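Participant: Here are the chains, one letter per residue:
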Amino acid sequence: MSAPPAIGLLPDQHSTPAADEVADLYRAHGLALVRTAMMLVGDKQSAADVVQDAFIGLYRALPRLRSTDKALAYLRASVVNGCRSVHRARQRARGRPVQHAPAVWSAESAAMAREESRLAMQAIARLPTRAREVLALRYYLDLPDAEIAAALGISRSSVSSTASRALAALARELQGDL
Amino acid sequence: MPTDLTQLEDRLRAAYADAAETVQPDDIRPCAPAATSPVRWHGAARIGATRIGGRRATALAAAAAVVLIIVVATVVPVVLQSGSRHRTGGPGIAGSRMAYVVTQRDLLIPVNLATGTALAPIPLGVKGSDAGVLISPDNRTVYVVSVRGQLVPVDVTTGKAGRPIEVGGVPAGLVMTPGGKAAYVLEPPYGVVAVDLTTRTALGLIKIHDADSFVLTPDGKTLYVLGSVATGPALTAISTATNTISTTIALRSPLHGWFAGPQSLVMAPDGKTVYASMQAINPRTSRQAGVILPVDLANGSERKPIELARSGSPVLTISPDGRWGYLAEATQSTKAQPDGVQQIAPVDLRTRAVLPWIPLPANQNGYELTLSPGGATLYATAIDGSAIVPVDTATGTALQPIRLRSFPRWYQYQGVFAPGGRTLYVLSYDDYPKGALIAGRMTPVNTATGGVGKSIEFPEGLNDIVFGR
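Here the protein sequences line up with chains R and L, keeping their order. Per my numbering, the first sequence runs over residues 14 to 191. Per my numbering, the second sequence runs over residues 18 to 486.
Please keep in mind that the hints were generated in silico from the structure rather than gathered at the bench. Quick caveat, the model's predicted, so the values are computed rather than measured. Check the hints yourself; a few may be wrong.
Interface residues of chain L toward chain R, partial, derived using beta-carbon atoms under 7 Å [as the list claims (entries may be wrong)]:
{"id": "1", "residue": "L25"}
{"id": "2", "residue": "A36"}
{"id": "3", "residue": "P42"}
We put the CB at the ideal spot given by N, CA and C, even for glycine.
The following block holds chain R by itself, in its conformation from the complex (with noise of 0.2 Å):
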């Protein structure tokens, strides 16, 4: 299985106190790169686990990356790859559900009340991957295509395709609501 990183402290990595500068991050960052983790995985709760994951990596990584630029794309890239690596975990454990909280969108969770949306979303996440990372980083982060790219691994020409055929998909879902 994969999972999130579960980092190990290497012998020759300096501590070099980057709290605040994390800490910062987390104030302006933390409650969207939840809502986005939770919009990928469903729940609050392993959203919740995948950025604290995403932070603690940062944490270690922050006196080596070049640039603290690079802090919040790195951040995104991370919680991404998080949320695919819960995915992967919950694919391979055999079909348990219980092992998380249904999504917000299900039927078992009341958390969102109106009900257009939540059909959007269910049809959202009927959708594969990389499609729902693609969308969440643009309708909810409002994020460019570059950045997208970026966060994904992927090209920018790749952002355009899947988004198109998500959106396509999602049309015909959704046909007779809209």
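Following the hints, complete the assembly by docking chain L onto the known chain R.
Facilitator: Positioned in the frame of chain R, the structure of chain L alone reads:
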């Protein structure tokens, strides 16, 4: 088709905004890292295959339990009723032509593989999803460990669950010694609980810091547990004769200057080498790589690591002779292949050389590998695929895919061979859950002919499966 793209995009933005509102600032945790407290490798527990922190595991298990109680109380009677309508024959059948499925409903369902039929369910009598299932060497007893800390022995000759053995904690794995006299329950991040199966008694916790995963040697004499020491990941050996720790091997970083976290342990068939799979991240470039660290158990020394193309799940599938390892990986993005290429990496475990890759069908993800018992054929199963791809391991060529028509209705997630090595069962789960249940199914594939048999479906879910020996 959409009446208007803008309308669709607006709806998506609104849906995301509504979904975002479900997470409020109070829901997120305080910033974890602190300048004065160095971040340590935090023990990652594994429930099923989901790795989560120990305290998170407890909290999640509690939440899951609440959900489960509600669901069980409301749905189980209906399921049992509907299940019994089309299931004939009672429990009490044991043997090598049987399989036993653990469902989401705390049931054990015997499956007659000869006829392809699911028989009447056996209630396990405990609540909570299972964390492992095993069968005794005489095929008479199936052991199911629940995430609520109970190990349930089920006499499949009578179809009755016995008194649960209280092992405590939040179990995440179960192994049994070859003779069937002892079992070990993984209790992340605290250690493992030894169980005497002859007296059905839990003997107590063997403490291992940040216990994460474990593997038993083929002779059953030593249990290796992946945990940690002050410097990072470590491998601890437990003697199953005395249930005491015999040695602890501290693992170094597989790649200098990279962060590495352990992912899984795989034992070589001869029991002389353990392969610790890790995911490594270069903090300077953010580049990720799968790394496998072979550990020679005879002298506790690490060998040169095997570095793979990129991140993912570097879990080795090892040939019966221990010579070859196989991994499913995606390559790094290139201009020509911006999304990378899904491939199988054969690894010569003697030289640790990664050989030329075997390409797999594109546009599919989450490949899992299952090796035929003789090692002649490897079967690649993509989670979002509709077929399985056999690969001839002698020539390294992908053969004609076997169509199962899984996706998009079913997510095929694992292939398992039944005893005899002729029939491969592809396990899938339903992507369109009804209520809280995610149905499961097992589809038999005759590996000699490539013929696909009729799937056996489990509306109660398919959490786990064990085959009679």
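Participant: What hint numbers does the structure not satisfy?
Facilitator: none
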